[in-house]
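Novice: In the order they appear, the protein sequences are chains A and B. Residue 345 in the working numbering sits at position 345 of the first sequence; the count goes up by one each step and never skips. Residue 65 in the working numbering sits at position 65 of the second sequence; the count goes up by one each step and never skips.
Any given hint could be a false lead.
[Claimed, not checked] No farther apart than 30 Å at their CA atoms in a straight line, the calculated lysine-lysine pairs in the DSSO-like style are these:
no., chain 1, residue 1, chain 2, residue 2
1, A, K337, A, K110
2, A, K66, B, K72
3, B, K72, A, K248
4, B, K72, A, K452
5, B, K258, A, K429
6, B, K41, A, K448
7, B, K41, A, K252
8, A, K295, B, K126
[As the list claims (entries may be wrong)] Beyond 10 Å from chain B on every Cβ pair, some chain A residues (computed):
no., residue
9, K155
10, D227
11, P256
Calculated directly from the structure, the hints in this document are not laboratory data. Even for Gly, the Cβ is constructed at its ideal location relative to N, Cα and C.
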Amino acid sequence: MRKFLLFLFAFVLLASVAYASPVKLVVVGDAGHNLKPFEWYAKDLKEKFDVELEVIGVPFGELYEKEKVELIAGTGAFDIMIVFPKFLAEFAANGWLYPLDEFVAKLDPKLDDVTPGYRDFYCKYGGKLYALPYDGDVLSLYYRKDLLENEEERKAFKEKYGYDLKVPETWDEYLDVAEFFTRKAGEKLAGEVLQRDFYGTAYYGQKDQIFAWWGNIFASLGGVYFDEETMEPAINSEAGVKALEIMKEIHKYCPPDVLAYGYEELKDVFLNGDCFMVIQWPCVGKKGADPAQSKIVGKIGVSHVPGVKKDGEIYYRAMMPCGRVLAIAAQSKDPWKAYQVIHYLSVVTSLDDVSTPETGLDPYRYSHFAHPEAYEMFANVEDAKIYLAGVQKNMEKGYPEMVLPGTVEYEETLGVALTKALTGELDPKSALDEAAQAWRDILERFGKEQQKALYQELVKGWKAVGLW
Amino acid sequence: MGGLRKRDWWMVFLFVLPVVVILLAISIFPMVYSFYLSLCKWDIGMGGQRTFIGAGNYLRLFSDARFFNSLKNTGRVLLFGVGTQFALGLSLALLLNRSFRGRSLVVTLFLLPMMISPVVVGCIWKIIYHYQYGPLNYLLNLLGIRSVNWLGSGSISPYSIVLADIWEWTPFMVITLLAGLQAIPDDLYEAARVDGANRWQIFSGVVFPLLRPVVIIAILIRVMDAFKIFDLVVLLTMGGPGQASESVAFYNYLTGFKYFSMGYASAMSYVQLAVIVAIANVFLRSFKGRAVV
Numbered sequence: 001m002r003k004f005l006l007f008l009f010a011f012v013l014l015a016s017v018a019y020a021s022p023v024k025l026v027v028v029g030d031a032g033h034n035l036k037p038f039e040w041y042a043k044d045l046k047e048k049f050d051v052e053l054e055v056i057g058v059p060f061g062e063l064y065e066k067e068k069v070e071l072i073a074g075t076g077a078f079d080i081m082i083v084f085p086k087f088l089a090e091f092a093a094n095g096w097l098y099p100l101d102e103f104v105a106k107l108d109p110k111l112d113d114v115t116p117g118y119r120d121f122y123c124k125y126g127g128k129l130y131a132l133p134y135d136g137d138v139l140s141l142y143y144r145k146d147l148l149e150n151e152e153e154r155k156a157f158k159e160k161y162g163y164d165l166k167v168p169e170t171w172d173e174y175l176d177v178a179e180f181f182t183r184k185a186g187e188k189l190a191g192e193v194l195q196r197d198f199y200g201t202a203y204y205g206q207k208d209q210i211f212a213w214w215g216n217i218f219a220s221l222g223g224v225y226f227d228e229e230t231m232e233p234a235i236n237s238e239a240g241v242k243a244l245e246i247m248k249e250i251h252k253y254c255p256p257d258v259l260a261y262g263y264e265e266l267k268d269v270f271l272n273g274d275c276f277m278v279i280q281w282p283c284v285g286k287k288g289a290d291p292a293q294s295k296i297v298g299k300i301g302v303s304h305v306p307g308v309k310k311d312g313e314i315y316y317r318a319m320m321p322c323g324r325v326l327a328i329a330a331q332s333k334d335p336w337k338a339y340q341v342i343h344y345l346s347v348v349t350s351l352d353d354v355s356t357p358e359t360g361l362d363p364y365r366y367s368h369f370a371h372p373e374a375y376e377m378f379a380n381v382e383d384a385k386i387y388l389a390g391v392q393k394n395m396e397k398g399y400p401e402m403v404l405p406g407t408v409e410y411e412e413t414l415g416v417a418l419t420k421a422l423t424g425e426l427d428p429k430s431a432l433d434e435a436a437q438a439w440r441d442i443l444e445r446f447g448k449e450q451q452k453a454l455y456q457e458l459v460k461g462w463k464a465v466g467l468w
Numbered sequence: 001m002g003g004l005r006k007r008d009w010w011m012v013f014l015f016v017l018p019v020v021v022i023l024l025a026i027s028i029f030p031m032v033y034s035f036y037l038s039l040c041k042w043d044i045g046m047g048g049q050r051t052f053i054g055a056g057n058y059l060r061l062f063s064d065a066r067f068f069n070s071l072k073n074t075g076r077v078l079l080f081g082v083g084t085q086f087a088l089g090l091s092l093a094l095l096l097n098r099s100f101r102g103r104s105l106v107v108t109l110f111l112l113p114m115m116i117s118p119v120v121v122g123c124i125w126k127i128i129y130h131y132q133y134g135p136l137n138y139l140l141n142l143l144g145i146r147s148v149n150w151l152g153s154g155s156i157s158p159y160s161i162v163l164a165d166i167w168e169w170t171p172f173m174v175i176t177l178l179a180g181l182q183a184i185p186d187d188l189y190e191a192a193r194v195d196g197a198n199r200w201q202i203f204s205g206v207v208f209p210l211l212r213p214v215v216i217i218a219i220l221i222r223v224m225d226a227f228k229i230f231d232l233v234v235l236l237t238m239g240g241p242g243q244a245s246e247s248v249a250f251y252n253y254l255t256g257f258k259y260f261s262m263g264y265a266s267a268m269s270y271v272q273l274a275v276i277v278a279i280a281n282v283f284l285r286s287f288k289g290r291a292v293v
């Protein structure tokens, strides 16, 4: 009897300990600065929601496959997932994500405060909400305003090109400015002898994201991904070829190893002061204002990406690649607690997280743009306002990333083709024809009719919010 | 064995059973299943259905230019990488096969690259190869040579991978061949010297024939390993620019775990297996036919 009571006591004790233990939620995302908020608020989250987080970081370029393998196998390895919208649709369509609509009434994610692109296309699939926004990515133009304002440089530019040196607004101007500022070591820049080569510009050259840098040009020339009616790939259209020809020209004024550039290299070449201008994600602007990360603090200007002149007006479109969102795995141990966590990060702490140079997270809520004083890395509120206005200018003319199932493969095969043209292996038309053929194959594999219906739905939505 | 009773047979069966089950589960079943997959079209992007297509994936491989490009890059690693590793490894092993002060320290230092984790090796070489800030280009500049675009050029990046692979794996050749050299009895050298053989004659007539089995095994191990080169590709170039430096193993990974075309990836694996088995056979035949020891 005594033994039985002892056993019962031990059982009750263990059960109560287990019951009282916080729920352990596993978070997965691309390793590095964008997982920091999960670490910063771990204590708060434990106190508020009784959850303990285990954070798993995987390389940026491998997030898709790491998440998908676990989801296919149904291991239940993850509860909260940082997802790029380009694979959200695929995950949601396969039933691997937990729909969040049931939680919205209980805990408002304040979606009205989110800019339309991120709210309607990056978080939803088939009319259902599957994620909350976390990162408002849009490409913007960053340039060295100190060099642009230098009298000596301005004079030399006007002599060479016959017009005043200014922030490039068209791709032709972009090429002129890039050419002008490309200098060899030993030459002078703003009156000082260069110790190493200085480049006019640079771009993201690795095959996973290079499409977006070509896409800025392609979109400004009126390019679209597919013909809506036939689903024939339109990347090898006249706009596509012209965009690639312009990109080949831009390539001449870039560091020789630019095709090996990912996010870090592109950020560093600019913030180390080795390059006049880059088109980059918004976080580069705020990191550029942080002396710990930048050698050009106070010297950075921001503007919209260049475009083309039509009827006296500049028509530009800024690609919106990446744009992390927070989703919950369908097999999560506790979807409600997971929702509370992602809600906390997307709503409660989001302004703090997007306004610090410690993360690569960028503004995506109207309230993020309404509080320039929060961006304390800038010398003053006026500078923060200029930064936010520049980002917003691009966001208003944002060109959404395709979010069809298979987008990862569409983008990478396009990236391979673009590289072939940039290295001279193929001419632009042949390279894009090759990519278009690869896209047709992917379409067939993912089901052309299904893809067509989804694409038409997407375009309809993009048009409704003025992004198409 | 013939005298075993029925009960003893059961005991034998019971003892062997766990091994058989484990072998079937972790080795035989995946082999059979993946071969079956290689005969199917199975794209699991959208939970696609598995369809039997016979040799369809194998036929697709033979018209896939990207696969042949990756095969060519892997061939470069085998030819230039393993070839150089062998040449350097043998030279260094011959140098180290004599006694001198600090020999143990030198041997240990030579082994360091092999002891470092491949991920760290990749990171180290990524820094070394940096166009603007890398020490390699800095040294070249000091010698009056222009900076080399190690990772951003489609024609150079495959060789950059080969160079890093040589640095990492030459020590393996050194240590294996050195062990082989030390197993050769001293009296054979003495007998050759007594017979009036010069250094080259000793090497070509005595040392190399006796070393041949070790050479074959060392090259075979490296060839099999280099055929699967993946880590350096991922860390240095991600197969880029574009697909310029993709190896077969990397392309296979992309097909299976990025594009999730499981049937096609399985077929690619089997072609890789066939190639490596053919290479291994060539080496092993030469081992059988010409071994001296």
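Novice: Does each hint hold? Answer for all of them.
Specialist: Verification of the supplied hints:
{"no.": "1", "hint": "K337(A) to K110(A)", "verdict": "holds (18 Å)"}
{"no.": "2", "hint": "K66(A) to K72(B)", "verdict": "holds (28 Å)"}
{"no.": "3", "hint": "K72(B) to K248(A)", "verdict": "holds (27 Å)"}
{"no.": "4", "hint": "K72(B) to K452(A)", "verdict": "violated (37 Å)"}
{"no.": "5", "hint": "K258(B) to K429(A)", "verdict": "holds (26 Å)"}
{"no.": "6", "hint": "K41(B) to K448(A)", "verdict": "holds (17 Å)"}
{"no.": "7", "hint": "K41(B) to K252(A)", "verdict": "violated (43 Å)"}
{"no.": "8", "hint": "K295(A) to K126(B)", "verdict": "holds (23 Å)"}
{"no.": "9", "hint": "K155", "verdict": "holds (29 Å)"}
{"no.": "10", "hint": "D227", "verdict": "holds (22 Å)"}
{"no.": "11", "hint": "P256", "verdict": "violated (4 Å)"}
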